[in-house]
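Listed in order, the protein sequences are those of chains A and B.
Its first residue numbered 1, the first sequence is counted upward by one per residue in the numbering used here.
Its first residue numbered 573, the second sequence is counted upward by one per residue in the numbering used here.
No wet-lab data here; the hints were simulated from the structure.
Keep in mind that the hints are not guaranteed to be accurate.
Claimed, not checked - No more than 30 Å apart at the CA atoms, straight line, and that leaves these computed lysine-lysine pairs for DSS-like: (1) K387/A <-> K473/A; (2) K598/B <-> K365/A; (3) K473/A <-> K389/A; (4) K616/B <-> K365/A; (5) K690/B <-> K841/B; (6) K818/B <-> K683/B.
What the hints assert, rightly or not - Simulated restraints on C-beta separations: (7) T434/A <-> Q681/B: 52 to 62 Å; (8) Y338/A <-> N648/B: 28 to 38 Å; (9) K808/B <-> G515/A: 23 to 33 Å; (10) L91/A <-> R600/B: 47 to 57 Å; (11) D58/A <-> H693/B: 26 to 36 Å; (12) T434/A <-> G768/B: 31 to 41 Å; (13) L23/A <-> L837/B: 48 to 58 Å.
C-beta atoms are modelled at their ideal positions from N, C-alpha and C, and glycine is treated no differently.
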Amino acid sequence: MAEAVAGGAILTGAAPHPRRMSLSEAAVARLLILLLVALLLGIIALPLASLLSKSVEDGSGAFVGLRNFATYFSTPTLVASLFNSVAVAALATAIVVPLAFTYAYALTRSRMRLKGLFYAAALLPVFAPSLLAAISLTYIFGNQGFLRGALFGNSIYGPIGIVIAEILYALPHALVINVAALALADGRLYEAAEALGTRPARVFRTVTLPGARYGLISSAFVVFTLVVTDFGIPKVIGGQFNVLATDAYKQVVGQQNFPMGAVVGIVLLAPAILAFLVERTVQRRQVALLSARAVPLEPKRRPLADSLLTVFCGLVAGTVIGTYGVAVWASFITYWPYNLTPTLANYDFERFEPSGWDPYWTSLKMAALTALLGTGLVFTGAYLIEKTKQFGAGRFFAQFLAMLPMAVPGLVIGLGYVFFFNAPSNPLNWLYGTLAILVINSVAHFYTVAHMTATTALKNLDGEFEAVSASLKIPFWVTFARVTVPISMPAILDIAVYLFVNGMTTVSAVIFLYGAETKLASVAIVHMDEAGTTSAAAAMASAIVLTAIGAKLAQLGLSRFVFARLQRWRVR
Amino acid sequence: MRSWITAALTAGLVCGLAGAAAAQTKTRLTIYTALENDQLAPFKRSIETKVPEAEVVWVRDSTGVITARFMAEKDNPRADMVLGLAASSLLVFDKAGLLEDYKPAGVDQLKDTFRPTKGPHTWTGMDAFLGVVCFNTAEAAKDKIAAPGSWADLTKPEFRGKVVMPHPASSGTGYLMVAGWLQSMGEEKGWAFMDGLHANIASYLHSGSAPCVQAARGERVAGLALDMRGASEKSKGAPIDVILPKEGVGWEEEAFGIVKGTKNLALAKKVADWGATREANELYSKTYAIVAYPGVENTPPNYPAGAEKAMIKNDLGWMAENRERVLAEWSKRYEAKAAPKN
Chain A
1 MAEAVAGGAI LTGAAPHPRR MSLSEAAVAR LLILLLVALL LGIIALPLAS
51 LLSKSVEDGS GAFVGLRNFA TYFSTPTLVA SLFNSVAVAA LATAIVVPLA
101 FTYAYALTRS RMRLKGLFYA AALLPVFAPS LLAAISLTYI FGNQGFLRGA
151 LFGNSIYGPI GIVIAEILYA LPHALVINVA ALALADGRLY EAAEALGTRP
201 ARVFRTVTLP GARYGLISSA FVVFTLVVTD FGIPKVIGGQ FNVLATDAYK
251 QVVGQQNFPM GAVVGIVLLA PAILAFLVER TVQRRQVALL SARAVPLEPK
301 RRPLADSLLT VFCGLVAGTV IGTYGVAVWA SFITYWPYNL TPTLANYDFE
351 RFEPSGWDPY WTSLKMAALT ALLGTGLVFT GAYLIEKTKQ FGAGRFFAQF
401 LAMLPMAVPG LVIGLGYVFF FNAPSNPLNW LYGTLAILVI NSVAHFYTVA
451 HMTATTALKN LDGEFEAVSA SLKIPFWVTF ARVTVPISMP AILDIAVYLF
501 VNGMTTVSAV IFLYGAETKL ASVAIVHMDE AGTTSAAAAM ASAIVLTAIG
551 AKLAQLGLSR FVFARLQRWR VR
Chain B
573 MRSWITAALT AGLVCGLAGA AAAQTKTRLT IYTALENDQL APFKRSIETK
623 VPEAEVVWVR DSTGVITARF MAEKDNPRAD MVLGLAASSL LVFDKAGLLE
673 DYKPAGVDQL KDTFRPTKGP HTWTGMDAFL GVVCFNTAEA AKDKIAAPGS
723 WADLTKPEFR GKVVMPHPAS SGTGYLMVAG WLQSMGEEKG WAFMDGLHAN
773 IASYLHSGSA PCVQAARGER VAGLALDMRG ASEKSKGAPI DVILPKEGVG
823 WEEEAFGIVK GTKNLALAKK VADWGATREA NELYSKTYAI VAYPGVENTP
873 PNYPAGAEKA MIKNDLGWMA ENRERVLAEW SKRYEAKAAP KN
């Protein structure tokens, strides 16, 4: 609702008589930032606080100081879990970031063919519920898997499985950020370099890499925190290998010990706060890449590099598609591995799930609303933080709040929402159990990556646009609506699709929030898998994947249309 | 032809309106449950036949999730009843003062183990579920492993790295097994047995049914899991035997209770009355062999015979009181040496 207000302000502001405003431009900026902070407090900070504050309480709610922390830190398994979590996350980050960067480079800076398809293929993991990767990996590398020999006698159940699955899971998140970082570049720098006869390797080192530094660092922290906080994959495929997120799961779901779950949640926040501080430091040194005089880079044909990059992308995309293809294939199998007769029966969800296909439609509605409202909020918010100059403390705080959700396991966000929105004293508690709460929760849960994508795109735009507007006495909201939004359309569509597909696949937070009429497809998948009907779970997951791919294709089509109309000025 | 279509449409409309009118007089009763998906429709039908003014609305999830959710909502409960949830969870709710004291009609004729022996009547048992062994005969034949007749057999070296069981800290099924061994063998022998078993365990899984599913898929040879999951996997075509080891098996029960402060108390009481009837127990017995009502007997397809005799003497109160201590000891023994095996 508040984003509707913000949107309304922009629309009325865009009317042609801005000078007769009763509020000064600075006051409007300050007001909007205040609104943003209030909104983020309500959907992120307060729900989290209402769970995390339980870390200093005992089971009955009495204050016990730091006793829970003392208990937790004296548990011998903690050190092992902490070490395991950090090791797995570091390894996954070290593999994913170079992969994602190279892939993004091929998508943005080469003349490789079929870029749209390659982009869509690498985003596949984000299109699929994470359970699907785990199902696939057990079918491929499990003790009955057809490629189990490839692990040389090691088991997929443990660190190997976790790392492989996390790489697949994190790749698209890192890719989206790196594509945003590499998509905009000033062609003049490259022309100058070429005119000076600079060798390509040196151009890469001195022009390309510094320009993409922000994206690289952001994506490294995104991957690290995503892996540290994910419990879905370790829970299914982690075997004996304990990590912090499964510790939280054991405390909360296994023993309903909310205080101890909150303690683990706070331990998990550490990497996020670190990420925030590093991000601020890097940001100070980031220079806008796309000045108002910039000329968009048009990649030149480089036969050798283009074909090498095509081979690389083919390998990565092939691995991703192959892995998920196995799960789709599994959805047509009667009983793996003992009865491989193909069947369509697994798609007749009425047999496994009392509400049949209903959860699918609920998910579709929920994801569409998340994309619609979320994109508006995230992009407007990022603009206010990046491009306005008023109320520095407010913008700093909003930036901090925007970075928080990624560091918190979905489990913690979901429970926080229960505690906060279900409280009898909360005037908003009528929202509880409705579709609206699922939408709000999903926007909050996936805020960070969407925010980083918007920020990365905005950072690459020269502040001169605002400066020129100011000297022409055009308020920032007109610049926002007439210049920033059209230029950033590709990133905005990326954000919308990102929010949509995550809304379709999310489980960990919404499992505590869905009501009797708002059961989601992703939750139905978990239920069907728990009930042992793995093929039906794979079938529902395949339906989700297809839908998400449809959304992505729609984006590609729209993007082409938008590019054709709004980005034509970029081409000389 | 056209008049036929019109007639059909009119009939449909009339039925629809009548249905809508009937629905309007019904009160929605929200029930939190961990029943299996395929049980929900028949349970709803049976309840609504007996209590026509109620419209049952299920919120269903796994035992751990639904229990955590209920506890998280305790300041403003959203459920009218809980039904088909582990008795240990209801004991947790009861301890937090969240359940209404109501003795359903005819509850006294239920078997003793299916109702509270002392104090207020806050919960009523429905059926018992057992911790059994799902044994994959196809994989065992490849490795020439004989079927385990006893728990002790599972500690033999040929099972090394081939056994999975639920993690007792994540799954109620895992805990009922550990509690079962400690109660039936005595603490000392129980821990000694688990030391031996631990050497063979490939992994402790975070779900009560996953071990059996893994055994059914041939990922493992033996999975310690819920009885019902074993029976249903076998019915789906898995080459498994559901084995009740001869020392006896640990068990728990499903139960129901009314949430304190519900706006639909009168209606909830009627549903609770239904829950203690013979008719309801016949429904329970379609999935579970052992139910609360004496004389209701049915062995679901592929369910192991002699289940009632295999049940150990189990004290639900002991399980609740000793949970933290047992889990701490378990964690100290088996989680500290986290070295992953196969």
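We went through each hint and held it up to the structure:
no.: 1; hint: K387/A <-> K473/A; in the structure: 16 Å, holds
no.: 2; hint: K598/B <-> K365/A; in the structure: 28 Å, holds
no.: 3; hint: K473/A <-> K389/A; in the structure: 16 Å, holds
no.: 4; hint: K616/B <-> K365/A; in the structure: 27 Å, holds
no.: 5; hint: K690/B <-> K841/B; in the structure: 20 Å, holds
no.: 6; hint: K818/B <-> K683/B; in the structure: 24 Å, holds
no.: 7; hint: T434/A <-> Q681/B: 52 to 62 Å; in the structure: 43 Å, violated
no.: 8; hint: Y338/A <-> N648/B: 28 to 38 Å; in the structure: 48 Å, violated
no.: 9; hint: K808/B <-> G515/A: 23 to 33 Å; in the structure: 31 Å, holds
no.: 10; hint: L91/A <-> R600/B: 47 to 57 Å; in the structure: 50 Å, holds
no.: 11; hint: D58/A <-> H693/B: 26 to 36 Å; in the structure: 29 Å, holds
no.: 12; hint: T434/A <-> G768/B: 31 to 41 Å; in the structure: 52 Å, violated
no.: 13; hint: L23/A <-> L837/B: 48 to 58 Å; in the structure: 54 Å, holds
Hint check: violations occur at hints 7, 8, 12; the rest are consistent with the structure.
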